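A.B. asks: Sequence:
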Amino acid sequence: MVTRKKPDVPPENYKPFDTSFGKVPPLADFGSGYKFHITGLTHDETGFPTDDSKKTAVLLKRLQDKIIDNRDRI
Numbered sequence: 021m022v023t024r025k026k027p028d029v030p031p032e033n034y035k036p037f038d039t040s041f042g043k044v045p046p047l048a049d050f051g052s053g054y055k056f057h058i059t060g061l062t063h064d065e066t067g068f069p070t071d072d073s074k075k076t077a078v079l080l081k082r083l084q085d086k087i088i089d090n091r092d093r094i
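Be aware that the sequence shown starts at 21, since it is given in my numbering, and climbs by one per residue.
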């Protein structure tokens, strides 16, 4: 759906779910030295699971907005 930007920070500073870049954060290539956390859990901006309801609400709102913003292309 979206051509993802690559991170412009070194691997040790990479936050895969940092939304300061917008609704679609940069995504490093797998195997390129950047850490990934892939689960079905809700997570914070670093990608680690969270049970914090406020952080979960922010994540779910972002995901809903991505779907709504692209509904005509889905």
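Simulated from the structure, these hints should not be mistaken for laboratory data.
In this text the structure is predicted, and so the values were computed from the model without any measurement.
Heads up, a few of these hints could be off.
Cross-link-like lysine to any residue pairs, in silico, SDA-like; alpha carbons within 25 Å at most [claimed, not checked]:
hint: 1; residue 1: Lys-75; residue 2: Arg-24
hint: 2; residue 1: Lys-25; residue 2: Thr-62
hint: 3; residue 1: Lys-86; residue 2: Leu-61
hint: 4; residue 1: Lys-75; residue 2: Phe-37
hint: 5; residue 1: Lys-55; residue 2: Asp-92
hint: 6; residue 1: Lys-74; residue 2: Phe-56
hint: 7; residue 1: Lys-74; residue 2: Asp-49
hint: 8; residue 1: Lys-74; residue 2: Gly-53
hint: 9; residue 1: Lys-74; residue 2: Thr-23
hint: 10; residue 1: Lys-35; residue 2: Thr-70
hint: 11; residue 1: Lys-74; residue 2: Ser-52
hint: 12; residue 1: Lys-86; residue 2: Phe-68
hint: 13; residue 1: Lys-35; residue 2: Arg-82
hint: 14; residue 1: Lys-81; residue 2: Pro-46
hint: 15; residue 1: Lys-26; residue 2: Asp-71
hint: 16; residue 1: Lys-81; residue 2: Ser-52
hint: 17; residue 1: Lys-35; residue 2: Asp-71
hint: 18; residue 1: Lys-25; residue 2: Tyr-54
hint: 19; residue 1: Lys-74; residue 2: Phe-50
hint: 20; residue 1: Lys-55; residue 2: Arg-91
hint: 21; residue 1: Lys-81; residue 2: Pro-36
hint: 22; residue 1: Lys-55; residue 2: Ile-88
hint: 23; residue 1: Lys-86; residue 2: Gly-67
hint: 24; residue 1: Lys-55; residue 2: Arg-93
Derived Cβ-Cβ restraints for the label pairs, each shown as a range [claimed, not checked]:
hint: 25; residue 1: Gly-51; residue 2: Ile-87; range: 26 to 32 Å
hint: 26; residue 1: Glu-32; residue 2: Arg-93; range: 18 to 24 Å
hint: 27; residue 1: Asn-33; residue 2: Ile-94; range: 17 to 23 Å
hint: 28; residue 1: Arg-91; residue 2: Thr-66; range: 26 to 32 Å
hint: 29; residue 1: Gly-51; residue 2: Asp-85; range: 26 to 32 Å
hint: 30; residue 1: Thr-59; residue 2: Arg-24; range: 27 to 33 Å
hint: 31; residue 1: Asp-71; residue 2: Asp-92; range: 19 to 25 Å
hint: 32; residue 1: Gly-53; residue 2: Leu-80; range: 19 to 25 Å
hint: 33; residue 1: Lys-55; residue 2: Arg-91; range: 20 to 26 Å
hint: 34; residue 1: Phe-56; residue 2: Ile-87; range: 18 to 24 Å
hint: 35; residue 1: Ala-77; residue 2: Ser-52; range: 29 to 35 Å
hint: 36; residue 1: Pro-30; residue 2: Arg-91; range: 24 to 30 Å
Backbone N, C-alpha and C fix where the C-beta goes; we use that ideal spot for every residue, glycine too.
A.B. asks: Decide, hint by hint, whether the structure agrees.
C.D. replies: Going down the list of hints, with the structure as the test:
For the suggested pair Lys-75 and Arg-24, the alpha carbons sit about 23 Å apart, so the restraint of at most 25 Å is met. For the proposed pair Lys-25 and Thr-62, the alpha carbon gap of about 22 Å is at most 25 Å, so the pair holds. Restraint check for Lys-86 and Leu-61: the C-alpha separation of about 18 Å stays at or below 25 Å, so the hint holds. Distance check on the hinted pair: Lys-75 and Phe-37 sit about 12 Å apart at the alpha-carbon level, within 25 Å; holds.
Taken as a hint, the Lys-55 and Asp-92 pair is broken in the structure, with Cα atoms around 32 Å apart against an allowance of 25 Å. Between Lys-74 and Phe-56 the alpha-carbon distance is near 23 Å, which keeps this suggested pair within the 25 Å criterion. Simply put, Lys-74 and Asp-49 have alpha-carbon atoms about 29 Å apart, too far for the 25 Å limit, and the pair is violated. In summary, the hint linking Lys-74 to Gly-53 is not supported, as the alpha carbons are separated by about 30 Å, beyond the 25 Å threshold.
Annotation: proposed proximity of Lys-74 to Thr-23 is violated, straight-line Cα distance about 29 Å (limit 25 Å). Taking the CA atoms of Lys-35 and Thr-70, the gap is near 15 Å; set against the 25 Å cutoff, the hint holds. Taking the CA atoms of Lys-74 and Ser-52, the gap is near 32 Å; set against the 25 Å cutoff, the hint is violated. With a C-alpha separation of about 20 Å, the suggested pairing of Lys-86 with Phe-68 holds against the 25 Å cut-off.
Distance check on the hinted pair: Lys-35 and Arg-82 sit about 16 Å apart at the alpha-carbon level, within 25 Å; holds. With a CA separation close to 18 Å, the supplied pair Lys-81 and Pro-46 stays within the 25 Å bound. Restraint check for Lys-26 and Asp-71: not satisfied, since their Cα atoms lie roughly 28 Å apart, outside the 25 Å limit. The hinted pair formed by Lys-81 and Ser-52 fails the criterion: a straight-line CA distance of about 29 Å is larger than 25 Å.
Restraint check for Lys-35 and Asp-71: satisfied, since their Cα atoms lie roughly 18 Å apart, inside the 25 Å limit. Taking the CA atoms of Lys-25 and Tyr-54, the gap is near 14 Å; set against the 25 Å cutoff, the hint holds. For the suggested pair Lys-74 and Phe-50, the alpha carbons sit about 29 Å apart, so the restraint of at most 25 Å is broken. Restraint check for Lys-55 and Arg-91: the C-alpha separation of about 30 Å exceeds 25 Å, so the hint is violated.
Taking the CA atoms of Lys-81 and Pro-36, the gap is about 17 Å. The hint holds against a cut of 25 Å. In summary, the hint linking Lys-55 to Ile-88 is not supported, as the alpha carbons are separated by about 29 Å, beyond the 25 Å threshold. Only pairs whose Cα atoms come within 25 Å are accepted, and Lys-86 paired with Gly-67 is accepted, the gap being roughly 18 Å. Distance restraint check for Lys-55 and Arg-93: the Cα-Cα separation of roughly 30 Å exceeds the 25 Å cut-off, and the hinted pair is therefore not satisfied.
Hint check: Gly-51 to Ile-87, Cβ distance near 28 Å, so the stated range 26 to 32 Å holds. Roughly 35 Å separates the CB atoms of Glu-32 and Arg-93, a value that falls outside the hinted 18 to 24 Å. Range check, Asn-33 to Ile-94: Cβ separation about 32 Å, and the 17 to 23 Å hint is violated. For the pair Arg-91 and Thr-66, the beta carbons lie near 29 Å from each other, so the given range of 26 to 32 Å is met.
Between Gly-51 and Asp-85, the C-beta spacing of about 30 Å keeps the proposed range 26 to 32 Å intact. A beta carbon spacing of about 19 Å between Thr-59 and Arg-24 contradicts the range 27 to 33 Å that was offered as a hint. At roughly 34 Å, the beta carbons of Asp-71 and Asp-92 sit outside the given window of 19 to 25 Å. With their beta carbons about 30 Å apart, Gly-53 and Leu-80 fall outside the hinted range of 19 to 25 Å.
About 32 Å separates the C-beta atoms of Lys-55 and Arg-91, a value inconsistent with the hinted range of 20 to 26 Å. A hinted range of 18 to 24 Å holds for the C-beta pair Phe-56 and Ile-87, which are about 22 Å apart. Distance hint check: the CB atoms of Ala-77 and Ser-52 are about 31 Å apart, consistent with the given range 29 to 35 Å. Distance hint for Pro-30 and Arg-91: a CB-CB separation of about 36 Å, inconsistent with the stated range 24 to 30 Å.
The structure does not agree with the numbered hints 5, 7, 8, 9, 11, 15, 16, 19, 20, 22, 24, 26, 27, 30, 31, 32, 33 and 36 stated previously, though it agrees with the rest.
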